[in-house]
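K.L.:
Sequence:
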Amino acid sequence: MTKNTAIVWFRNDLRLADHPALTAAAAAHEEIILLYVLDERGPFARRGAAAWWLDGSLRSLRDDIEARGGRLTLRRGPGGDIVREVVDASGARAVYWNRRYDPGGIEEDTRLKADLKADGVDVHSCNGSLLREPWELETTTGGFYKVYTPFWRSLRAAGPARPTPLETPQRLSTPGRPPRSDDLDDWRLTPAKPDWASGFSKVWSPGEANALKRLERFLNNAVGSYPDDRNRPDLEGTSRLSPHIAFGEISPNQIWRATMAHCDRHDRDSGPADKFLSEIAWRDFAYNLLYHYPDIGVAPIKEEFASFPWRDDSDAFAKWSRGRTGIPIVDAGMRQLWHTGWMHNRVRMIVASFLCKNLLVHWGEGERWFWDTLVDADPANNTASWQWVAGSGADAAPYFRIFNPVTQSQKFDPSGDYIREFVPELAKLQSKKIHEPWTASSDELRAAGVALGKNYPLPIVDLGETRKRALAAYEETRAA
DNA sequence: TGAAATGTTGGGGCG
DNA sequence: ACGCCCCAACATTTC
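Counting from 2, one number per residue, gives the positions in the first sequence under this note's numbering.
Just so you know, the hints here were simulated from the structure itself, not pulled from any lab data.
The structure presented is a predicted model; accordingly, all values stated were derived computationally and were not measured.
Treat the hints loosely; a few may be bogus.
Unchecked claim - Dumping the calculated DMTMM-like pairs for lysine to aspartate or glutamate here, alpha-carbon to alpha-carbon at most 25 Å:
#1 K4 - E86
#2 K4 - D183
#3 K434 - E466
Could you build the full structure based on these sequences and the hints that come with them?
P.N.:
So, in C-alpha cells, the structure goes:
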C-alpha cells in the first residue's frame, strides 16, 4: 500500500533551512511531496518584477531539492483546490505549510484545513516567516500593538520564537511515482518580448544560497556602519535582503540569530545590530497590522481619510511612475525601481510622499505600482508602508509631515551620485545644482547639456504650492 | 522615519 | 565705549 506520505505546500517560504513545515513533515513521514502552486488570483498574486524573482527562486529551490534526492512538484491554479487534488491523487495523509496572514490567504487556508480534516487528513500549519505571530505580542491591556516603538520593545524582549534556526533536512524522499508536475519553463515567468528585466540579473541573484551569501556579506562589510549609512541611497549601506526575505529564501529568525552572533563577536556595542534588527522587525509589525486590520490594503486605518479629497490625475501618475516628474530624486528612485526592481527605502519614502502629498494621488495607486514593479513586493510591508506615508495608517507619520524632496535629496544624496546613476541626463550638473536643476543658470545648464523641458522635464508641480494644497486638503477632512 | 515660520542669542561692523 | 543693526546659528512652535 501507499507509504506514509505528506505534502509540504511551499508559498512565500522558498528555502530548505529553518523551514518548520518541512522539518516537521520530514520528521514524521517517510515520503514527502514538495509542492508549489502558481496561483494567479487575488491582490497578492505574483506578477511583474516579482514573477521574475519567483522564477529564479523556484529554479534554485528545485535544484536544492533534487540535490537531496527529492522532487519539486509545480502546479498552476487555485491553491487550495490544487492541494486538495494532489492529496486525493497521492493518498497523502498529512499536509504541512507555513502560515499566511493576508485575509485571502487565511480564508483559503482555513477552508482547506477544515475540508482535509473532515476527510481524516492531518494538517499542520507553522510559523515560518515571522519572529513572533501577530497574536503572540500583546500590550499590557491585552490588545495588539498599534505603535511601532512599544511593539519593538516587546519583540526585542521576547526574541524570536525559535531559539536556533532549524537545520536543512539532509535527505528528501519523494514518492517513487511523484505527482504530475508542470515544467517551470512553461510558466514563462520572465519577460521575453520587451525584456524589461534585463537589468535585474546584473543586480540580483535569487535563491536560498544567495540569500545567505548576501547576509554574510552585509554582516562582514556593512552592518557596523548601518546606523549611519542606511539612509544613503548613494552608498551600499543596506543589506538588500528584502526580496530574499519576501520570498522566504531566508527567515527573519535566521537573520536575527546570525546578526546577534556576528555582533557578539565583532562589535563592542550592539548599536548596529539593534538598529538593523529593528528594521527587520518592521516587517513583523506590518504583518501584525495586516492580521489585525485585514482590510489595510483597501481602506484607510484612520477613518477620517475616507473623505480625503484625493485627485484623479492619470497624467501626473504616468509621469511619476516613469520617472519624468522633473524632481531629480523622485525620478532617480522611480527609474531605479523600473530598471532594477528595487528602490532604496529612504527614496521610497520620498517618492511616496511626493505622490500622496504633492500630487494628491491616492496611496493605493502607488501601492499597486510598487506591487507590480518591486522584486521584494510584500503584502504586509507594501500596504502598511503606503498607509504610513499617506498618513492614514496606524502609527502613521502625521499628515503634515510632508517631505521636501529637494531637502531630502541634499541631505541623503549629498554628492548627487545616486541621481547621476539613474538620471544620466543630469550627470554633468554640479552637486550644488543637481538636486534642483531649475535653479541653475542658463550657462550652467548649457555646460551640462541640460535643456529643461527638452531633454529633462521642468517640475510638474511647484513644491511650495502643492505642500500648502496638501495641508489644506488635510484640514478639510479633519474638519469634516 | 519633516519643513517652514517664528523666536532667541550673540558676535561683529559701524556710526 | 556704547548702542544699534544685521544676520548667522540655534531653538521653539506651528503646520
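K.L.:
If a hint holds in the structure, say so; if it doesn't, say that too.
P.N.:
Hint-by-hint comparison with the structure:
1. K4 - E86: holds (18 Å)
2. K4 - D183: holds (24 Å)
3. K434 - E466: Holds: K434 and E466 sit about 21 Å apart, inside 25 Å.
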